[in-house]
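Protein chains: 6
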Amino acid sequence: MTKMNRLLITGANGGLGSVCRDRLGHLATTLRLNARKGLGDARPNEEIVYCDLGDKAAVEAMVEGCDGIVHMGGQSVEAKWDTIRNANIDGMFNLYEAARKSSTQPRIIFASSNHAIGFHKQSDRLDARSVTRPDGLYGVSKVFGEALASMYHDKFGIETASIRIGSCFPEPVNHRMLSTWMSYDDMVQLIERIFAVPRLGCPIIYGASANAASWWDNREVAYLGWQPKDSSEVFRAKIDAEMDPPPADDPTAVYQGGAFCADGIHED
Amino acid sequence: MTKMNRLLITGANGGLGSVCRDRLGHLATTLRLNARKGLGDARPNEEIVYCDLGDKAAVEAMVEGCDGIVHMGGQSVEAKWDTIRNANIDGMFNLYEAARKSSTQPRIIFASSNHAIGFHKQSDRLDARSVTRPDGLYGVSKVFGEALASMYHDKFGIETASIRIGSCFPEPVNHRMLSTWMSYDDMVQLIERIFAVPRLGCPIIYGASANAASWWDNREVAYLGWQPKDSSEVFRAKIDAEMDPPPADDPTAVYQGGAFCADGIHED
Amino acid sequence: MTKMNRLLITGANGGLGSVCRDRLGHLATTLRLNARKGLGDARPNEEIVYCDLGDKAAVEAMVEGCDGIVHMGGQSVEAKWDTIRNANIDGMFNLYEAARKSSTQPRIIFASSNHAIGFHKQSDRLDARSVTRPDGLYGVSKVFGEALASMYHDKFGIETASIRIGSCFPEPVNHRMLSTWMSYDDMVQLIERIFAVPRLGCPIIYGASANAASWWDNREVAYLGWQPKDSSEVFRAKIDAEMDPPPADDPTAVYQGGAFCADGIHED
Amino acid sequence: MTKMNRLLITGANGGLGSVCRDRLGHLATTLRLNARKGLGDARPNEEIVYCDLGDKAAVEAMVEGCDGIVHMGGQSVEAKWDTIRNANIDGMFNLYEAARKSSTQPRIIFASSNHAIGFHKQSDRLDARSVTRPDGLYGVSKVFGEALASMYHDKFGIETASIRIGSCFPEPVNHRMLSTWMSYDDMVQLIERIFAVPRLGCPIIYGASANAASWWDNREVAYLGWQPKDSSEVFRAKIDAEMDPPPADDPTAVYQGGAFCADGIHED
Amino acid sequence: MTKMNRLLITGANGGLGSVCRDRLGHLATTLRLNARKGLGDARPNEEIVYCDLGDKAAVEAMVEGCDGIVHMGGQSVEAKWDTIRNANIDGMFNLYEAARKSSTQPRIIFASSNHAIGFHKQSDRLDARSVTRPDGLYGVSKVFGEALASMYHDKFGIETASIRIGSCFPEPVNHRMLSTWMSYDDMVQLIERIFAVPRLGCPIIYGASANAASWWDNREVAYLGWQPKDSSEVFRAKIDAEMDPPPADDPTAVYQGGAFCADGIHED
Amino acid sequence: MTKMNRLLITGANGGLGSVCRDRLGHLATTLRLNARKGLGDARPNEEIVYCDLGDKAAVEAMVEGCDGIVHMGGQSVEAKWDTIRNANIDGMFNLYEAARKSSTQPRIIFASSNHAIGFHKQSDRLDARSVTRPDGLYGVSKVFGEALASMYHDKFGIETASIRIGSCFPEPVNHRMLSTWMSYDDMVQLIERIFAVPRLGCPIIYGASANAASWWDNREVAYLGWQPKDSSEVFRAKIDAEMDPPPADDPTAVYQGGAFCADGIHED
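Chains as they are written, first to last, in full-length UniProt numbering: chain X, 1 to 268; chain C, 1 to 268; chain Y, 1 to 268; chain D, 1 to 268; chain S, 1 to 268; chain F, 1 to 268.
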C-alpha cells in the first residue's frame with residue numbers, strides 16, 4: 001500500500017472522526033483534520049483546518065492537495081430539515097465539487113448509514129443491490145449522498161466507498177447492536193483496504209463486524225479483501241444480563257433502522 | 001374509479017403540466033393548478049394558486065384539501081446547484097411536509113426522470129429494482145425525491161407513484177427517443193390507473209410507451225393494469241429520413257440518459 | 001394432438017366441471033364423468049360414475065382405463081377442517097394412488113387455486129417459483145395437493161399440471177377479478193395445450209386470462225404454448241359503474257387471495 | 001433471553017424429543033412433556049401429559065398456558081397413509097388450533113424435514129426460497145405442516161420456525177450424513193436462538209451443522225444469529241474406513257432425501 | 001439507418017445465405033457474396049468471392065473493405081470432427097483475424113445455433129445469460145464461436161451479434177419447430193435492426209419468431225428493437241394433421257436441441 | 001474414498017503436473033504419467049507414456065484402462081493459434097474421444113483457467129453460472145474445453161470437473177495473485193474431493209484458496225465438500241514490501257484475467 005501524501009478527515013472531532021485521527025496516521029504523510037471547532041493542538045504530521053462544510057470556497061481550499069478523504073463530517077443523527085440539508089446535502093455538494101476541481105482527485109470514503117435502508121425488516125437479508133428504504137430525513141440525506149457519489153464517479157471518475165455504517169462504538173450496548181455493531185478495529189481495517197486497492201470504483205459497503213446475527217451481505221465487495229475479525233457475540237451475555245430484549249413489535253425489533261423508524265419529522 | 005374532490009397539479013404551466021391541465025379534468029371535481037406565474041384564466045372547475053414551492057407556508061395552504069397531487073413542478077432539466085436544490089430538494093420537502101400535515105393525505109404522482117438511472121448503458125435492461133445511476137445534479141435530485149417519497153410512505157403512509165419519465169412529447173424527434181418516448185395518451189392513462197387502484201403503495205414506474213426498443217421493464221407494477229397503447233415505431237422512418245443515427249460512441253448512443261451524461265456541472 | 005381414449009372429469013356437476021363436460025368432448029373418445037350426484041343423463045360418448053373421492057376402491061375402479069384426468073372435484077371454497085381434509089387431502093391421496101396403480105398412467109390436471117398463494121400482496125409479482133402463502137385451510141389443502149402431485153411425478157413419473165385458478169366465471173364481477181379472471185375459452189385452450197404437449201412434467205400454472213392488471217407471470221410454462229386471448233379490461237367500465245372499488249385497507253384490495261384472507265377458521 | 005413460563009415438548013420420548021427434554025430445561029420454569037406413553041417419572045420442573053395428538057380436546061388442554069412449543073411429535077419416518085395423515089396432518093391441525101385458541105399464543109418450533117425437499121439433486125444448492133420437492137408421503141406431510149404454519153402466521157400472528165432437520169444423531173454414520181448431520185449441540189443452540197429473538201416471523205431453516213459438504217444455505221435466516229459450531233468432517237475418515245461410498249446411481253448419492261426417494265408407497 | 005458500403009455474406013449459396021442474398025440488398029451499396037462454389041452470376045451490385053474459410057490469406061482479402069458481415073458460412077449440421085473443426089473453428093478464427101486486421105472493422109452477425117444450448121430441457125426457459133449446453137460437436141463449435149466473438153469484442157472492439165438460430169425455414173414442419181421456427185421475414189428484420197443500432201456490443205440473441213410455445217426470452221436484447229411478427233401457431237393444425245406428436249421420451253420432445261441430442265459422434 | 005486402479009496425469013512434466021505426480025500417488029494403485037518428454041525415471045507404481053495429445057491413436061491407447069484423468073496437459077499460456085488449436089482443441093477432442101471409447105469411462109479433471117472469464121472486472125463477483133468472457137485465444141480454448149466436457153457429460157455420461165485455476169504456485173508473487181492464488185495443498189485437497197464424491201456431474205469450480213479478496217464464489221459446488229484452508233493474506237506484507245500495487249488503470253488492476261487482457265494475438 002502506497003502511503004498517501006495527505007489524507008483529509010472531516011468531522012475529526014466527532015466519535016468516529018477522532019478514532020480516525022488516532023488510528024489512520026500511518027496511511028499518509030500528513031493528516032489534515034477538519035471540524036468547525038474543538039480539534040485541540042495539532043500533533044506532528046497533523047494539519048488543522050477549521051471550516052464549515054457549507055462554505056464552498058473554504059472547502060475547496062481544504063480539499064486541494066489531498067489524496068484521500070475520510071468524510072465523517074456532517075450531521076450524524078436525525079435533525080431538523082435545515083440542519084440536515086445544510087450539513088449533508090449542501091455540504092456533500094461542496095465537498096464533491098472541491099474534489100472535482102482539485103488537482104489531486106482524491107479517493108473518498110463517505111460515511112453513509114444503515115438509516116439509508118432502515119425500513120427494511122430485520123428478517124430481510126440485504127446486499128449492495130437492495131433498494132434503499134431510508135427511515136428519516138437523515139437517511140434520505142444519505143441516499144442523496146450515495147447518489148451524488150455515484151454521479152461524480154460515472155461522470156468525473158472520482159472514486160467513493162460509501163460505508164453504510166451500522167453502530168460503530170467500543171462495544172454493542174443493546175440487542176439491536178448485536179446485529180449492527182462494527183468494532184473500531186474492523187473499521188480501521190476497512191479504511192485501510194479501501195485505500196489499498198488499486199481500483200476502487202464506487203461500491204456500497206455495509207459497515208458491520210462479523211456478527212452472528214448480521215442482516216447484511218458484503219459479497220459484492222469481496223474484491224476489497226476486507227474480512228472483519230470481531231463479533232458482537234462476546235457481548236451477548238452482558239447485554240442479556242443488563243436488559244430485556246425489546247418487545248416483538250418495538251421498532252428496534254422490527255426494523256433494521258431501529259428507533260429511527262419510529263421518529264417523527266423534527267419540526268421547527 | 002371514484003372522482004376526487006380536488007386534484008392539485010403543480011408546474012401546470014409547463015409542458016407536461018399543461019397537458020395534465022387539459023386532460024385530467026375528469027378525475028376531480030376541482031383542479032387546483034399551481035405555478036409561479038402564467039396560468040392564464042381559470043376555467044370552470046379550476047382553481048389557480050400562484051406560489052413558489054420554496055415557500056413552505058404557501059405550499060401547506062395549497063396542499064390542504066387535495067386528494068391527489070400530480071407533481072410536475074420543479075426544475076425539469078440540468079441546472080446550477082442552487083436552482084436544483086431550491087426547486088427539487090427544498091421544494092419536495094415542502095410538498096411532502098404539506099401532504100403529511102394535511103387533513104386529506106393526498107396520493108401523489110412524482111414526476112421523476114430517466115436521469116435517475118441515466119448512466120446505465122442502453123444495452124442494459126432495467127426494472128424497478130435496478131440500482132440508481134443518476135447522470136447529473138438533476139438526476140441526483142430525482143433520486144432524492146424518490147427516497148423522500150419512500151420515507152414518507154414507510155413512516156406516514158403517504159402513497160407516491162414515482163414515474164421515471166422518458167421523453168414525453170407529441171412525438172419522438174431523435175433516435176434515442178425511439179426508446180424513451182411516452183405519448184400523452186399513455187401518460188394520461190397511466191395517471192388514471194395510479195389514481196384508480198385502491199392501494200398504490202410506493203412504486204417506481206418507467207414512463208414510456210410500448211416502444212419496440214424499450215430499455216425498461218415495468219413487470220413489478222403490473223398490478224396497476226397500465227398497458228401503454230402507443231409505440232414510437234411509427235415514427236422511425238421519419239426520424240431516419242431526417243437525421244443520421246448518432247455515432248456509436250456518442251453519449252446519446254451509449255447511455256440511457258443520453259446527452260445529460262456528457263453534460264458538466266453547471267457552475268455559477 | 002392425439003385423441004385420448006377416455007378422459008375423466010371429476011366434480012363434473014360443479015361450475016368448472018360442467019363447463020369441462022360441455023367443452024372437452026373433442027379431447028377423448030369417451031368422457032367419464034364423476035360426481036357424488038346430479039349429473040343427469042349421459043350423453044353419447046359419456047360415462048357417468050357416481051362415487052365419493054373418499055372411497056378408495058371406487059376411485060381406483062373409476063380411474064382405471066383413463067388416459068387423462070381433469071380433477072375439478074373436491075371442496076372448492078373454505079370450509080370446516082373435516083370437509084377440507086376428506087375431500088382435498090384424503091381425496092387427493094386416493095386419486096393419485098389410483099393413478100399410480102392404473103394400467104394407463106393418466107396425465108392429470110389438478111385444479112389448484114390462487115388461495116395457495118393468497119397472502120401475497122397484490123403489488124407482488126409471482127411466478128411458478130414463488131413461495132406459497134396459503135390463505136386458509138382450503139389454500140393449505142391446495143399446497144398439499146401440489147406437493148402430492150410433485151412427489152408422484154418425481155417418484156412414479158405421473159405428470160400433473162397444477163393450475164392455480166384465479167376466478168373462472170362467465171365474466172369478472174368485482175374489482176379484484178379484473179386481475180384474477182380467467183375466461184372459459186382461455187381455460188379450455190389451456191386444458192387442450194396441457195394434453196397436447198408430448199412431455200408435460202409437473203408445472204405450476206397461474207390460471208388467468210391476459211388481464212391488464214395481472215399479478216402473475218407464466219413465463220416458466222411458456223413451453224406449453226398457451227396464450228390466453230381474453231382480457232378482463234372490457235368489463236372494467238361496467239364494474240366501475242356498478243360498485244365503488246374496495247377501500248385501500250380492505251383485504252380484497254390488499255391480498256391476492258382477497259376476502260379469504262379475512263376469513264377465520266370454520267369451526268364445528 | 002427471557003425465561004419462558006412453560007415450554008411444551010411434544011414427542012418427548014423420541015430421539016430428538018428426549019434430547020430436548022434433557023437440554024432445554026433452562027429455557028422455561030416448567031417443561032411440559034408430551035407423548036402417548038413412556039416418559040418415565042417427572043423430574044422437578046417437569047409436567048407430563050399423555051395424550052394423542054389426534055385428540056383435539058386433549059391437545060387444547062395441553063397447549064393452554066404454554067409460551068413455547070417444540071413440536072417433535074408425530075410420525076418421523078415414512079409410513080402408511082393413515083399413520084402419516086393422523087399424526088402429521090390431523091395432529092398438526094389440532095396443535096395449531098390449540099395454539100390459536102390459547103391465551104398464551106405460543107411460539108412454535110416445527111420439526112420439519114429435509115424430506116420436504118428430498119427430490120432435489122445433491123448437486124443443487126438450496127435456500128429457504130427453493131421450491132419444495134417432497135420424497136414420499138412423510139415429506140408431503142411436512143410440506144403440509146409448513147404451509148399450515150405459514151397460514152396461521154399470516155392470519156393469526158402465530159410464529160413458527162420450521163426446521164428442515166437433516167440427520168440429527170450423535171454422529172454421522174454414512175456418507176450422505178456428512179452433508180446432512182446436525183449435532184445435538186447445534187440443535188440446542190438453534191432452539192435457543194429461535195426463542196431468543198424478539199421477532200421470529202415464520203422462517204424456514206435448514207437443520208444441519210457447519211458441514212463442509214452442505215447442500216443448504218441458511219442466509220435468509222441470518223438474523224437469528226445461529227452459527228452452528230460442529231462439522232461432520234471429523235467423522236469422515238471413520239466412515240471411509242467402515243464402508244465404501246454408495247455407487248453413483250444409488251439414491252443416497254443422487255438425491256438429497258437419500259433412500260427415501262427409492263421408497264415406494266407403504267400400502268396396507 | 002445508414003447504408004453500408006459493402007456487406008459480406010458468407011455461405012451465400014446455402015439456405016439462409018441465399019435468402020440473405022435475395023433480401024439484404026437494400027442494406028449496402030455492394031453485396032459481397034462468398035461460398036466455395038455455386039453462386040451463379042453476379043447481379044448488379046453484387047461481387048462474388050470464391051474461397052474456403054480455411055484459407056487465411058483469401059479470407060483477409062475478402063473481408064477487407066467490408067462494413068458488415070453476415071456469417072452464414074461454415075458447417076451447419078453435425079459432422080465429423082475434421083469437418084467441424086476446419087469450417088467452424090479454424091474458419092471462425094480466420095474470419096475474426098481478417099476483421100481485426102481490416103481497415104473497416106466490420107460489424108458481424110454470427111449464425112450461432114440453438115444447438116449451443118440444445119441439452120436444456122424443453123420445459124426450461126432460457127435467456128442470454130443461461131449456461132451453454134451444447135448437444136454435439138456442431139454445438140460445441142458454436143459455443144467456441146460465441147466465445148471467440150466475445151474475446152474479439154472485449155479486446156479489439158469488434159461487435160458481433162450471435163444469433164442462436166432455431167429453425168429458419170419457409171414454415172415449421174414438425175412439432176418441435178412450433179417452438180423454434182423463425183420466419184425469413186423475422187430474420188431479415190432482425191438483421192436490419194442489428195445493423196441499424198448505433199452501438200451493438202456483443203449480444204446473444206435467440207433467433208425465433210413470436211411463437212406461442214417459445215422456450216426463449218430475448219429481454220436482454222430489447223434495446224435492438226426487434227419485434228418478430230410471425231408465429232408458428234398458424235401452422236399447428238397442418239402439422240397435427242400430418243403427423244403424431246413425438247412420444248414423450250423422444251429427444252425431440254425432451255430436449256431443446258431435438259434429435260441432435262440423440263446423435264452420436266460422427267466417426268471417420 | 002475407494003482407491004482407483006489407474007490414474008492418468010497428463011502434462012506430468014509441467015508445473016502443476018509434477019505437483020500432481022508427487023502428491024496424488026495415494027489416489028490410485030498406478031499413476032500413469034503423460035508428457036511429450038522429460039518425465040525421468042518411473043518410480044514404483046508409475047507408468048510413463050510419452051505421446052502427443054494430437055496423436056489420436058496414441059491417446060486412445062493411453063486412456064484405456066484409466067479410472068481417472070487429471071488433464072494438466074496442453075498449452076498453458078497464450079500462444080499462436082496453431083499451438084493453441086493443436087494442444088487445447090484437437091488435444092481435448094482426442095482425449096474425450098478416447099475416454100468415450102474406453103472400457104473404464106474415467107472421471108476427468110480438466111485444468112480450465114480463470115482466463116475463460118478474464119475480461120470480467122475485478123469488482124465483479126462470479127459464480128459457476130456467470131457468462132464466460134475469455135481474454136485471449138488461450139481463454140477461448142478453455143471455453144471450448146468446458147463446452148466439450150459438458151457435451152460428453154450430457155450425451156455420454158462422462159463426468160468432468162472443470163477447474164478454473166487462478167494462480168497455482170508455491171506462493172503469490174504480485175498483488176493480483178492475492179485474489180487468485182491457490183496453494184498446492186488446497187489443489188490437492190480439491191482433487192481428492194473430486195474423485196471422492198460418488199456422483200460428480202459436470203461442475204465448474206473456481207480454483208483459488210480461501211483468499212480474503214477472492215472474486216469467486218464456489219457455492220454451486222458446495223456439495224463437493226471442498227474447503228480450502230490457505231489464504232494469500234499471509235503474503236500480503238511481503239508483496240507490499242517488494243513492489244507497488246499496479247496503477248488503477250493497469251489491466252492487472254482492472255480485469256480478472258490481468259495482463260492477458262492486454263495481450264494481442266500472437267501472430268506467426
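In short, the hints are calculated from the structure, not lab data. Note that this is a predicted model, so its numbers are computed, not measured. We put the CB at the ideal spot given by N, CA and C, even for glycine. Heads up, some of the hints might be wrong.
[What the hints assert, rightly or not] Dumping the calculated DSBU-like pairs for lysine-lysine here, alpha-carbon to alpha-carbon at most 35 Å: (1) X/Lys238 to D/Lys80; (2) Y/Lys101 to Y/Lys80; (3) S/Lys238 to Y/Lys229; (4) D/Lys80 to Y/Lys56; (5) S/Lys37 to F/Lys56; (6) X/Lys101 to C/Lys101; (7) C/Lys56 to X/Lys121; (8) S/Lys121 to Y/Lys229; (9) F/Lys238 to S/Lys101; (10) D/Lys101 to Y/Lys121; (11) Y/Lys121 to C/Lys101; (12) S/Lys121 to Y/Lys3; (13) F/Lys101 to S/Lys80; (14) S/Lys121 to Y/Lys101; (15) C/Lys80 to X/Lys80; (16) S/Lys56 to C/Lys229; (17) S/Lys56 to F/Lys80; (18) Y/Lys229 to Y/Lys37; (19) S/Lys121 to C/Lys121; (20) S/Lys229 to C/Lys229; (21) C/Lys56 to C/Lys80; (22) F/Lys238 to X/Lys121; (23) F/Lys238 to D/Lys229; (24) C/Lys121 to Y/Lys3.
[To be verified] So these bits of chain Y aren't anywhere near chain D, every CB distance computed over 10 Å: (25) Ala28; (26) Asp240; (27) Gly264.
Point to revise | Broken hints, by number | key: Hint check: 1, 6, 9, 16, 22, 24, 27 fail, others pass.
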